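> Chains as they are written, first to last, in my numbering: chain Z, 1 to 310; chain P, 311 to 671; chain U, 672 to 1007.
Watch out, some of these pointers could steer you wrong.
Computed list of lysine-lysine pairs in DSS-like fashion (alpha-carbon distance at most 30 Å, straight line) [what the hints assert, rightly or not]:
(1) K974/U - K121/Z
(2) K733/U - K121/Z
(3) K988/U - K121/Z
(4) K962/U - K866/U
(5) K962/U - K498/P
(6) K296/Z - K498/P
(7) K914/U - K962/U
(8) K482/P - K834/U
Just a few of them, taken from the derived set where beta-carbon distance is under 8 Å, the chain P residues facing chain Z [claimed, not checked]:
(9) V453
(10) Q633
(11) P635
Keep in mind that the hints were calculated from the coordinates and are not lab data.
Predicted model only: the values in this text are computed from it and were never measured.
By construction, the Cβ of each residue, glycine as well, lies at the ideal position given by its N, Cα and C atoms.
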Amino acid sequence: MNDLFSLTLVTGLLNTMMVLATPFLFAALGETFSQNSGVVNLGVDGIMLLSAFFAFYAVLITGSLILGILAAVITGVVMGLMMSVVSITLKAEQGVSGIGLQMFGLGMSSLLFKVLVGTVKTVSGFPTLSIPLLSRIPILGPILFQHSILVYIAFLLVPLSWWILERSTWGLVIKAVGQNPAAADSRGINVDRVRYLCVILGAVLAGLAGASLSISSLNLFQDNLTSGQGFIAVALVYFGGWSPVGVMWGALLFSMANSFQLWMQVLGVPVPASLANMLPYILTVVALTLSGSRRKTPAALNKPFIRGEA
Amino acid sequence: MAEKKNTEGLEIGIRVLVPVAGVVAGLIIGALFLIILHARPLEAYGALLRGAVGSRFGITQTLVKATPLLLVGLGISIAFRASCINIGGEGQMIMGALSATWLALALSGLPHFILIPAVLLGSMVAGGFWGFIPGILKAKFHVNEILSTIMLNSIALQLMNFLLQGPLMDPKGIEAGTYLAQSARLSKNAWLTRLMPPTLLHSGLIIALVMAVIVYVLLWRTTIGYRIRAVGLNPAASSYSGINVPVNQAMALTLAGALAGMAGAVEVLGVQHRLLEGLTSGYGFTGIVAALLGWLHPLGLIPASIFFGGLLVGADTMQRAVQVPSALIGAILGLIVLFVSASGIWTQQLIRRIRSRREQL
Amino acid sequence: MKRLGIMFIALLFCAMTATVWAGGSSEASGTTKAAEPFRIAVIMPSATTDTAFSQSMWSALKTVQADMGGESAVELVYTENMFKVPDAAAAIRDYATQGYNLIVAHGSQYGSSVEEIAPDFPDTAFAWGTDVNTFGLDNVYAYTAAAEQGGYVNGVIAGMMTKSGIIGVTGPIDVGDAHTYISGFSQGVALTNPKATVSKTWTGSFSDVALMAAAAQTHISAGADILTGSSQSVVGSIGAAEKAGAVYWFGTQADQTSLSPKLVVASQVYDWVAMLKEIIAATETGVYGGKTYILTLANGGLKIGFNPDFALPADVKAKADEVIKGITSGSITVAP
């Protein structure tokens, strides 16, 4: 009995972890591209919210999940362009423009929800896609291979992003722009264009993060659906030291801690709920403090590039 | 000489007018949304103006709103000057409010003029501690302050939840069976003085203005301030000239926390008179906007926070006057922040042009 | 690139305006001014669409408006998302200055503002909740809901229906009517199924739907076959129950049947309509306050909304009706 129960616990714990980690993973991987090119986008949460709404709305109206994803991607592109124009072309203070973008996304998504939908409705989102054979592996199967397709995509993006950033020439270009834009510029790289592409790619991934909430794991929209997950995603980029694999560990650690604190409460561990709720946040800070792994900050992070200066 | 003075006046004019143009641009796009929602933009913006400055209540309300913005913004400016991005205003405010509530309840027997300074000091220590943590983590362990301040915001929020569910919960709420998430009401001697009853304007505004002057003196007239600014301007050079960069950054974050903590206390003592769920919602972020709008300068922050406070108050009045969903206000404010931050480039270009002309003369 | 960007943004706005237009035009608000309508203003901490606390009041006010003869008889204005006290205070004073007859301050955090402002407007009625304190002012009504009563009824049913003997509760923070509802629920379960365990999770957030869904999922993994909870983020829990299939749901605050017609057994519904009508009637006779309303099963302010499509076993329904009768008559008392 006890063994059986601990087995359910482990499976449940890790399965929930995977689900919770998915939006963080999408958004944080996106922000990794953006920051490696030198742009801090604090507006991730706003992008997630607006994309989550449009994805939800598209599915509600058309019933087509593909159109839902498309809506999220388009919203991501547009919001990414807004951020790019303001912080790359117009060289605004990135922290502030990101906050503006977040406020806009939060307000706009709630407004559209109120005007177009009015009350909470559910849609049928992405179903659970059990991978044949693999999902039948004991223990590992239910943990890893019984999820909706967006969960698999989020985790497959990790090696892909790693390859792009660490192994491909694109990665070299992105990092050159983030480390030393003047040198990159003198080698003929169009700094602004690289940053535009990275910020937009980041915003598209943030859009998918929103869609993974509204049409995959929750299948509904509500005011402030993300409740600050976008900010956590930005923090996870620092946790992961600007590397996709590190970001993945951060997302997994944070989600695991959340999943764990819920289990603690369910099992009646005598710890006040609010203190259990703190666990993921404390653990993330402590883990980073103790790990001692420090990667170099992209030197030009948060600095607009002006030719002939610096 | 006279010529120089002239151009300096012009510079300030540009620094004020260009961001205001950004605000207007945001409002124009907002007008589009208003039209779509069947509201008349002129009526709406008339209400905005009237709400912010059109009456005694409007003006005092604007100042009440500006008070926490100014305090939080001052802290954020200090941190920014040391090139630290402090997103932890929310959490630091909560810590200040928590300790203020606790102290004011525990020391309620003390006379007003001893109690208030003691409570404010306590809240600065609590907020400062919440700024010291990211400071020391950055200095000693290279933990990025954006990460730690975001996490500390959530930790402070949960701490407040914890205290409001138990130790600080109003005993009257338990007795009445309502179990509301609020503390007991503070005794009257812990309230900040109302300056113009029945308006909400309270002496917290004076405290905030005094703090602005103190921060100005600190940054521009003391060695501590000089070091903080030097670290922000050029860390490599300051390190070379013997300034300990991490220690000064930690110091800046601690000061930022102390000021935000004070903002939390001022909200509790001046407005709410008790601790409530949802105390800070957003000041930590709008404070960043106000700080940048005030060019990270303590004295520039005074008009900037009043302006931004007025915008927030007026926007609420507008919502009531034309009955549009509140979310629209958030969307328009977001656009305004985007436009104002984008307008910085024109401010710089214009000022550069003026300066080069001045040098030619 | 730059020009492309600006063009794209222009396109975004066109797209957005088009979508808002599509929806906005449908809720055109034609205010026809007849002779002196009764004017009500309401201030709420969350949005009118929160499927919980604010929405329960907003839809009640809409019902009152419709019952009393529509927009010509009752003018209804609102201010939502007012979680900050000074903002709400400004709103309350502003509406009072504009001469509204009844101002509903629908949040327990608004108490001290009402206490301060109400004496300045003796001809305006103020109603505020959820709390019981009228501050001794004769133009202030207070209201609250005895959420433990409906919680008890839900608990009685849940105790009889659980097969696994494990019941999961999800909520934001253990305060207010979340606390009293769940307290009543646990007592109800203990009556019909003393062996059942009621395990609770609190997420610490009123808006984090994802975490709430994960909490519900955790209960289900731990063997729970019945879930309940409070606040607007429980829609996440209902979603998780829906995914799991054979897990039943009990709602509170508003009728949540529509969110999952297969799984919702019953909801405790706050019905402010009767109270509001009584207040309005009293106002018209010159009584502006001084009374505290507590919604209970006895006075009809609380209702148990059974899902008509759910086949509730006859003995369970009988027991539920018996308990409702008992609470109504006062033979059963439930501690908050």
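> It remains to establish, for every hint, whether it holds in the given structure.
Outcome of the hint check:
Using a Cα cut-off of 30 Å, the hinted pair K974/U and K121/Z holds, with the two alpha carbons roughly 23 Å apart. For the hint linking K733/U to K121/Z, the alpha-carbon distance of about 20 Å falls within 30 Å, and the restraint holds. Distance restraint check for K988/U and K121/Z: the Cα-Cα separation of roughly 29 Å lies within the 30 Å cut-off, and the hinted pair is therefore satisfied. Annotation: proposed proximity of K962/U to K866/U is violated, straight-line Cα distance about 42 Å (limit 30 Å).
Distance hint between K962/U and K498/P is fulfilled; the C-alpha atoms sit about 26 Å from each other, no more than 30 Å. Distance hint between K296/Z and K498/P is unfulfilled; the C-alpha atoms sit about 53 Å from each other, more than 30 Å. Among the hinted pairs, K914/U with K962/U is inconsistent with the structure: their alpha-carbon atoms are about 46 Å apart, more than 30 Å. For the hint pairing K482/P with K834/U, the CA-to-CA distance comes to about 40 Å; that exceeds 30 Å, so the pair is violated.
Hint status for V453/P relative to chain Z: holds, with the closest Cβ pair at about 5 Å, below 8 Å. Hint status for Q633/P relative to chain Z: violated, with the closest Cβ pair at about 12 Å, above 8 Å. Hint status for P635/P relative to chain Z: holds, with the closest Cβ pair at about 5 Å, below 8 Å.
Of the hints listed earlier, those the structure fails to meet are numbers 4, 6, 7, 8 and 10, in rising order.
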